[in-house]
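S.K.: One letter stands for each residue in the lines below.
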Amino acid sequence: GQQVQQSPASLVLQEGENAELQCNFSTSLNSMQWFYQRPEGSLVSLFYNPSGTKQSGRLTSTTVIKERRSSLHISSSQITDSGTYLCAMRAGGYKVVFGSGTRLLVSP
Amino acid sequence: NAGVIQTPRHKVTGKGQEATLWCEPISGHSAVFWYRQTIVQGLEFLTYFRNQAPIDDSGMPKERFSAQMPNQSHSTLKIQSTQPQDSAVYLCASSLQREGGGSAETLYFGSGTRLTVL
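Protein chains in written order, with our numbering: chain D, 1 to 108; chain B, 1 to 118.
These are computed hints drawn from the structure, not numbers from a lab.
Just so you know, even glycine gets a beta-carbon here, dropped at the ideal spot from N, CA and C.
Chain B stretches covered by chain D per the calculated footprint, using a threshold of three residues with CB under 8 Å from any CB of chain D: (1) 50-64; (2) 89-97; (3) 105-111.
Could you build the full structure based on these sequences and the hints that come with them?
M.R.: This is how it looks when you write it as structure tokens:
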């Protein structure tokens, strides 16, 4: 079955609103990462966060290993935040498995 | 640092033709990954090299797909007798993967090759 479940599948926000994106893992994980995929397709690493909380500007990632979940919080969303957010986990070995993504649209 | 470079950006082939996709990882990165992305399947792992050696090709279709890494500066993904269902964006990523792991596992992706099989 799906090792990585992401929710919500899509999200529409008005500029300035906050967003909470979730990833749940069906197996214990060794590491996890969050990526942002721009509308034209390029992928950018946001966080390498195997456990605990990391913050970068308006983005905060929290991974709770025991609960097999990770979240990405976007505060004060901006139009330029629109795109797809993907989480990825490494359970064992070096294969990194991706979730299906959350499509975010921030409107004025 | 130019990042991970993939060529070509777009490739259109006729059914049954061969397609070769190229990837130049970031200099000094020991790990290279190939992924395929479609709307239906999302990002699927294909294969992984470490220090040029093939480590895990569990995601590669058994027929028609092959990947090589002849030197540390490039990897190729070859699809023989392409079929319409092979149409996808093929993404290459590299990472440092030093001993001890940590943020050295961060994947850096290229811009991808969009393959269209007519």
